[in-house]
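Number of protein chains: 2
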Amino acid sequence: MAPDFLHRGSDLHPVSHPDHAATSLVTGAAGFIGSHLVDALLDRGDRVIGVDNFVRGQRENLAHLSGCERFHLIEADLSSEEGWRGPLTSLLEEEMVHSLWHLAANSDVAAGVADSDVDLRQTFLTTISALRIAREFQIGSVLFTSSSAVYGESDRELDEDSGPLCPISNYGAMKLASEAALSAACGSWLQRGVAMRLPNVVGSRCTHGVLFDLPKRLAKDPERLEVLGDGYQRKPYMHVRRIVEALLFLEDRAPAGFGRFNIGPEDEITVRDIVSLLTGTLGLSPEVHYGGADRGWVGDVPHYRYRTGRLRSLGWRAQEKSAEAVGTACMELAQNWKDSRCSQ
Amino acid sequence: MAPDFLHRGSDLHPVSHPDHAATSLVTGAAGFIGSHLVDALLDRGDRVIGVDNFVRGQRENLAHLSGCERFHLIEADLSSEEGWRGPLTSLLEEEMVHSLWHLAANSDVAAGVADSDVDLRQTFLTTISALRIAREFQIGSVLFTSSSAVYGESDRELDEDSGPLCPISNYGAMKLASEAALSAACGSWLQRGVAMRLPNVVGSRCTHGVLFDLPKRLAKDPERLEVLGDGYQRKPYMHVRRIVEALLFLEDRAPAGFGRFNIGPEDEITVRDIVSLLTGTLGLSPEVHYGGADRGWVGDVPHYRYRTGRLRSLGWRAQEKSAEAVGTACMELAQNWKDSRCSQ
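Line order of the protein sequences matches chains A and B.
Taking the working numbering, I'd label the letters of the first sequence as residues 136 to 479.
Taking the working numbering, I'd label the letters of the second sequence as residues 136 to 479.
Everything labelled a hint here was simulated from the structure, so no lab data went into it.
A portion of the hints provided could be inaccurate.
Pulled from the structure, derived: some chain B residues nowhere near chain A, Cβ distances all over 10 Å [claimed, not checked]:
{"hint": "1", "residue": "174"}
{"hint": "2", "residue": "201"}
{"hint": "3", "residue": "246"}
{"hint": "4", "residue": "301"}
{"hint": "5", "residue": "369"}
{"hint": "6", "residue": "448"}
Simulated DEER-style distance windows between Cβ atoms [stated by the list, open to error]:
{"hint": "7", "chain 1": "A", "residue 1": "205", "chain 2": "B", "residue 2": "347", "range": "53 to 61 Å"}
{"hint": "8", "chain 1": "A", "residue 1": "217", "chain 2": "B", "residue 2": "392", "range": "35 to 43 Å"}
{"hint": "9", "chain 1": "B", "residue 1": "351", "chain 2": "A", "residue 2": "289", "range": "44 to 52 Å"}
{"hint": "10", "chain 1": "B", "residue 1": "203", "chain 2": "A", "residue 2": "425", "range": "56 to 64 Å"}
{"hint": "11", "chain 1": "B", "residue 1": "448", "chain 2": "A", "residue 2": "252", "range": "36 to 44 Å"}
{"hint": "12", "chain 1": "A", "residue 1": "407", "chain 2": "B", "residue 2": "367", "range": "30 to 38 Å"}
{"hint": "13", "chain 1": "A", "residue 1": "292", "chain 2": "B", "residue 2": "290", "range": "18 to 26 Å"}
{"hint": "14", "chain 1": "B", "residue 1": "471", "chain 2": "A", "residue 2": "245", "range": "52 to 60 Å"}
{"hint": "15", "chain 1": "B", "residue 1": "230", "chain 2": "A", "residue 2": "289", "range": "51 to 59 Å"}
Residues from chain A shown here face chain B by an in silico Cβ test under 7 Å; the list is partial [as the list claims (entries may be wrong)]:
{"hint": "16", "residue": "303"}
{"hint": "17", "residue": "308"}
{"hint": "18", "residue": "316"}
Ideal Cβ positions, reconstructed from N, Cα and C, are used throughout, including at glycine.
Chain A with its partners taken away, still in its complex shape (with noise of 0.2 Å):
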């Protein structure tokens, strides 16, 4: 395993990051990776700036930083003008922003199929805002989390520069259509723009997909687990530590102008594989039952394979193969699955 990258410090920054402490602005940092992107911007020595509206963040994600003088927690709503001006703009004024991460979203794909109204406002409005203030406030970098979602079905392996783009739930729609606003952003006036097109990624505080869905039906039923879709859904995954380590990387070293880059390992991992890893790690043996559908849900993109030779230019490649990471994530959740029944 590598060092952990994320307690290096900030020797990694130079260009980035001077002596005085720079200022990060974080959208969505009481997300699943918002918030662990708010613990490495301050383990680096970053004043932070968080936004949330909690509709998705969880206050709990963000506890352990209460009493840090360098960060602050602001509630508001960026998928409105109406929702972020006021507080957010009065601190916006006293600081000097270097880089706006744009995490707030919808992170439930299946909720936005159901209403489209969901990504629209909580994906697609809140990048409008984002890119609003990175005018009015001057800030150079915009460093937005994109999706494998953009690509839609394709057998072809994914990437950046090859089409055809044909994303089937509005969550990718989303998504693309925020890509598009940040291109155009960078057509006249904004420094930097990246599109970090991230694959599935696992390990604490995740509120979505099947290490969120699975550990739930089995403290129900320990003896029998009904898995959404046949289980030969098959895609990359990373544990949510080194999707940091790659934000970070990625604002560090991309390039100005407008950029697109897929984060993923070089391998896949099936469902089935992970129902395994799972349930061996928990230690137990379910009777496992499959859907008879390809995909778990409307929306569902069940396999994807990514290229990310654009990343690995740059000087980073994923340490970890998808079953690392999954398996990573069962021990952070058979340390919690055991927590738990300890305190029972």
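Fit chain B to the given chain A structure using the hints.
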């Protein structure tokens, strides 16, 4: 010249247009392309519901249709739900709409660079409304006029499956965002979504572009002409009548699901050649002054080249070269020019 497809009636649409009159819904009906499309749909026998907010659309573009019983014009603003619920809804409850043509959009690239709200509201949020209308009233086909601007700047021939799709204007970004929403709709509830990427379009009723701008300047001063950019901007041009042919062809032939189609001629023309054609047709010899920049304004893509193989493979190809399209438009302008001089 090919015979005028627009007046052939409905014989080319055996599947789409049964004996009873079909009803088409056209957003942006009073606009440049929208009003020509309405004419063509009425010519082939459709009932047509036109919607416009008359921000950019002109009532005079539809004045010749007053008294036409098959045409209903609704003044409504599609940029918010409050803007269209009401008169449009009650009409749609009575009419079974076959195709929704979504043409309502901002058409002024420069206006959208100055204020990103313009494209957000007029192009993107109108698309969201169009999709809601299609879903609520079970309209199976949504045909959307997208743009070459979704590609941004590229030295490559642009084809529908290649990327990287980096729009440099909010105009292009919100067209791409609209395509993304259309793609996602096809991923769950919409039978067919057709994104038609238009080239530069000329002809009567146009509201922007070189053949709108230059005649206005020449009317003020026929002796001296200032041209934005160095004149070497080089793009494919089509006449609006040929564009409408292509739109109707795609309605007839585009397969189910989400599809993207470049619509264009097989060559390009420079602004310098357009200036020669225009001044020659008007019988003027102004002193022409070109600017120093490679483009007319921020957000302008100075040159692009389409691959049109996808449309050709369905059986349609442009019958005119770019110069012929511009030449026809210049002849129309010359007629108006002469008429306006006569009436002075």
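Against the structure, the hints come out as follows:
Listed as outside the interface, residue 174/B is consistent with that label: its C-beta sits roughly 32 Å from the nearest C-beta of chain A, beyond the 10 Å cut-off. Here residue 201/B stays apart from chain A, with its beta-carbon at least about 37 Å from theirs, past the 10 Å limit. For residue 246/B, the requirement that its beta carbon stay farther than 10 Å from each beta carbon of chain A is met, with the minimum near 13 Å. Under the 10 Å C-beta cut-off, the non-interface status given to residue 301/B relative to chain A is violated; the minimum distance is some 5 Å.
Listed as outside the interface, residue 369/B is consistent with that label: its C-beta sits roughly 19 Å from the nearest C-beta of chain A, beyond the 10 Å cut-off. Every CB of chain A is more than 10 Å from the CB of residue 448/B (nearest about 15 Å), matching its label as outside the interface. Look at residue 205/A against residue 347/B: about 55 Å separates their beta carbons, and that is inside 53 to 61 Å. At roughly 39 Å, the beta-carbon separation of residue 217/A and residue 392/B lies within the given 35 to 43 Å, and the hint holds.
For residue 351/B and residue 289/A, the hinted distance range of 44 to 52 Å is satisfied, since their beta carbons lie about 47 Å from each other. For residue 203/B and residue 425/A, the hinted distance range of 56 to 64 Å is satisfied, since their beta carbons lie about 59 Å from each other. For the pair residue 448/B and residue 252/A, the supplied restraint of 36 to 44 Å holds, since their beta-carbon distance comes to about 37 Å. In this structure the hint that residue 407/A and residue 367/B lie 30 to 38 Å apart at CB is violated, the actual value being about 58 Å.
Checking the proposed 18 to 26 Å range against residue 292/A and residue 290/B shows it holds: the Cβ atoms sit about 24 Å from each other. For residue 471/B paired with residue 245/A, a C-beta distance near 55 Å keeps the hint of 52 to 60 Å intact. Between residue 230/B and residue 289/A the CB atoms are about 38 Å apart, so this pair departs from the stated range of 51 to 59 Å. The criterion of a C-beta within 7 Å of any C-beta in chain B is met by residue 303/A, whose closest approach is roughly 3 Å, and the hint holds.
Of the supplied interface hints, the one on residue 308/A holds, with its beta-carbon coming within about 4 Å of a beta-carbon of chain B, less than 7 Å. With a least beta-carbon distance of about 5 Å to chain B, the hint placing residue 316/A at the interface is held under the 7 Å criterion.
Hints 4, 12, 15, counting from the list given before, are not met by this structure.
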